[in-house]
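Those protein sequence lines, which keep their order, are chains A and B.
Sequential numbering from 1 applies to the first sequence in our numbering.
Sequential numbering from 1 applies to the second sequence in our numbering.
Worth flagging that the hints you see were computed from the coordinates, not collected in a lab.
Quick caveat, the model's predicted, so the values are computed rather than measured.
Note that the Cβ used here is the ideal one computed from N, Cα and C, for glycine as well.
Where hints are given, some of them may not hold.
[As the list claims (entries may be wrong)] Covered stretches of chain A (chain B as the covering partner; in silico rule of three or more C-beta atoms under 8 Å from a C-beta of chain B):
1) 113–125
2) 139–147
[What the hints assert, rightly or not] From the derived model, a few chain B residues whose C-beta atoms are all more than 12 Å from chain A:
3) ALA9
4) ARG16
5) TRP19
6) SER21
7) LEU29
8) ALA75
9) ARG76
10) PRO92
11) VAL106
12) LEU134
13) GLU183
14) PHE209
Listed below, chain by chain, are the residues.
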Amino acid sequence: MKRAFPVLAIVTAVLLSWGLYQALVVAPTEQTMGDVQRIFYYHVPSAWTAFVLFFVNLIASIIYLASRNAKADALAVAAAEVGVVFCTVVLVTGPIWARPVWGIWWTWDLRLTLTLVLWLIYVSYLMLRRFSTSGQTPLIAAVLAVFGALDVPLVYFSIWFFRTQHPQPVIGGGGSIDPRMLHALLINWLAFSCFATLVCWSRYRLEILRREIDETQALEALLEGGVSGGRR
Amino acid sequence: MSAASLTLATLAKDLRLEWRSKDAINAMLFFALLVVVIFSFSFDPTAEESRHIAGGLVWVAFLFAAVVALNQTWARELRNQVLDAYRVSPAPANALFLAKVLGNFVFVSVLEALMTPLFVVFYNLRALGPAYQLPIVAALGTWALVVNGTFFAAMSLRTRSREIMLPLLLFPISIPALVAMVEATNSILTGEYSARFWVVLLAAYDVLFTMASLFLFETVLHAE
Numbered sequence: 001m002k003r004a005f006p007v008l009a010i011v012t013a014v015l016l017s018w019g020l021y022q023a024l025v026v027a028p029t030e031q032t033m034g035d036v037q038r039i040f041y042y043h044v045p046s047a048w049t050a051f052v053l054f055f056v057n058l059i060a061s062i063i064y065l066a067s068r069n070a071k072a073d074a075l076a077v078a079a080a081e082v083g084v085v086f087c088t089v090v091l092v093t094g095p096i097w098a099r100p101v102w103g104i105w106w107t108w109d110l111r112l113t114l115t116l117v118l119w120l121i122y123v124s125y126l127m128l129r130r131f132s133t134s135g136q137t138p139l140i141a142a143v144l145a146v147f148g149a150l151d152v153p154l155v156y157f158s159i160w161f162f163r164t165q166h167p168q169p170v171i172g173g174g175g176s177i178d179p180r181m182l183h184a185l186l187i188n189w190l191a192f193s194c195f196a197t198l199v200c201w202s203r204y205r206l207e208i209l210r211r212e213i214d215e216t217q218a219l220e221a222l223l224e225g226g227v228s229g230g231r232r
Numbered sequence: 001m002s003a004a005s006l007t008l009a010t011l012a013k014d015l016r017l018e019w020r021s022k023d024a025i026n027a028m029l030f031f032a033l034l035v036v037v038i039f040s041f042s043f044d045p046t047a048e049e050s051r052h053i054a055g056g057l058v059w060v061a062f063l064f065a066a067v068v069a070l071n072q073t074w075a076r077e078l079r080n081q082v083l084d085a086y087r088v089s090p091a092p093a094n095a096l097f098l099a100k101v102l103g104n105f106v107f108v109s110v111l112e113a114l115m116t117p118l119f120v121v122f123y124n125l126r127a128l129g130p131a132y133q134l135p136i137v138a139a140l141g142t143w144a145l146v147v148n149g150t151f152f153a154a155m156s157l158r159t160r161s162r163e164i165m166l167p168l169l170l171f172p173i174s175i176p177a178l179v180a181m182v183e184a185t186n187s188i189l190t191g192e193y194s195a196r197f198w199v200v201l202l203a204a205y206d207v208l209f210t211m212a213s214l215f216l217f218e219t220v221l222h223a224e
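Start from the sequences, fold in the hints, and give me the full structure.
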């Protein structure tokens with residue numbers, strides 16, 4: 001498994017540079033929006049990656065609740081942290097694109113609001129982990145992840161109905177997409193998935209190592225205490 | 001002792017404690033009063049348009065005030081290791097949880113009953129829609145806040161600075177419930193549209209999270 005890591009790193013680097021080339025050079029300029037539309041090749045893959053990572057976090061949390069497997073918890077931390085980073089990228093690139101195209105930075109549209117609420121839930125998840133004391137952190141964090149997942153359909157329906165009551169700026173519209181644009185999007189999606197896997201993987205290994213060190217140090221402290229106590 | 005009588009016993013104990021000290025209710029009332037007064041300085045409270053934002057104000061005031069009661073739910077049991085005694089006792093954890101939720105429900109409902117006249121006076125409110133729906137919305141909304149609030153308060157017992165932690169956990173998860181409460185209240189106050197969808201959504205929220213809390217509370221209580 002460890003040998004696969006550098007291979008994945010090289011594949012990710014190649015895919016990311018190819019994706020950049022595709023997005024900036026190969027993909028045609030959009031008719032009405034112009035070059036600002038190219039942010040789309042980073043915005044959309046980031047969103048997909050963030051949602052996949054939040055889903056991984058949920059699955060890992062459920063596995064942890066069912067089996068108390070410490071590795072599942074390490075995966076949950078890694079997925080949540082990297083997911084929040086990707087979700088932040090989505091929330092930052094969105095307004096940069098929206099300002100010239102819609103004329104506004106932000107609108108309380110269904111997808112935007114849902115993404116923002118998910119981001120809030122996962123930031124609170126990370127805060128809980130950070131503030132939590134002693135060894136129950138994985139358990140209460142896993143419980144919060146389950147509550148957050150239950151919340152998502154309710155947020156969806158509440159925002160959906162809220163929007164139907166209040167007038168909205170008209171967004172987008174149909175129209176066909178140039179195959180080269182789709183190509184650039186898919187390449188970037190693949191590159192971002194590899195990148196997220198890579199970062200998650202290193203974060204996961206870091207977490208496992210950190211716990212091993214903590215355990216060793218605790219054990220050493222215990223042994224030393226026993227020895228010095230014996231001398232006295 | 002059956003689970004129901006255990007729930008009632010714990011509830012009676014909490015209500016008696018609160019009746020004698022009146023700590024939570026006094027703090028909540030004064031806090032909500034301050035929110036009402038401070039909000040009224042930030043815009044013209046008697047203008048006709050403020051009817052459209054009154055629902056939001058009322059619920060934000062109640063939400064902030066409810067956190068005061070929720071925070072002391074379990075903190076009270078930490079003194080003299082009462083919570084540890086609960087853990088080792090064979091009593092079902094859910095009976096304890098339900099008693100705490102019911103207790104908080106009573107506290108927040110009392111707060112709402114006392115604060116509503118003040119809102120009506122200060123903001124010149126009058127329901128243009130069907131007013132009989134307001135107590136239903138209030139009950140469902142209060143349950144939505146206290147069931148998750150009580151659960152998260154138990155979770156935040158195991159964190160540093162838990163008084164800060166509770167709202168950080170509770171507010172993001174409560175967003176759909178808050179939207180539903182605010183919109184239902186606004187629809188009744190303005191009489192412009194039906195509150196039906198929001199009441200159904202609130203009820204769904206209540207059922208879903210009550211079940212989830214009952215399912216997971218024992219795990220959280222016994223987490224060591």
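key: Exclusion check [B/LEU29 not at the chain A interface, CB over 12 Å]   = Given a closest Cβ separation of 28 Å, the condition holds.
Checklist entry - According to a criterion of three or more residues whose C-beta lies within less than 8 Å of a C-beta of chain B, is the stretch 113–125 of chain A covered? => result holds (count 5)
According to a criterion of three or more residues whose C-beta lies within less than 8 Å of a C-beta of chain B, is the stretch 139–147 of chain A covered? It holds, with 6 qualifying residues against the three required.
Practice item. Decide, holds or violated, for the assertion that all CB atoms of chain A are farther than 12 Å from the CB of B/SER21. Key: B/SER21 is indeed farther than 12 Å from all Cβ atoms of chain A, at 28 Å.
**Prompt:** Is it the case that B/PHE209 keeps its Cβ farther than 12 Å from each residue Cβ in chain A?
**Reply:** Contrary to the label, B/PHE209 does not stay out of reach of chain A, its closest Cβ about 7 Å off (not over 12 Å).
message: For B/VAL106, is the shortest CB-to-CB distance to chain A above 12 Å, so the non-interface label stands?
response: The claim holds: B/VAL106 sits with its nearest Cβ about 24 Å from chain A, beyond 12 Å.
Once the closest CB in chain A is found, is it more than 12 Å from B/PRO92?
Given a closest Cβ separation of 18 Å, the condition holds.
- Message: Minimum C-beta separation from B/ARG76 to chain A exceeding 12 Å: can you confirm that?
- Response: About 20 Å separates B/ARG76 from the closest Cβ of chain A, which puts it past 12 Å; holds.
Non-interface claim for B/ALA75: all C-beta distances to chain A beyond 12 Å?
holds, 15 Å
Exercise. Decide, holds or violated, for the assertion that all CB atoms of chain A are farther than 12 Å from the CB of B/ALA9.
Key: holds, 27 Å
Non-interface claim for B/GLU183: all C-beta distances to chain A beyond 12 Å? violated, 6 Å
Take a quick look at B/TRP19 and tell me if its Cβ sits farther than 12 Å from every Cβ on chain A, holds or violated. At roughly 32 Å from the nearest Cβ of chain A, B/TRP19 sits farther out than 12 Å, so the non-interface label holds.
Hints 13, 14, counting from the list given before, are not met by this structure.
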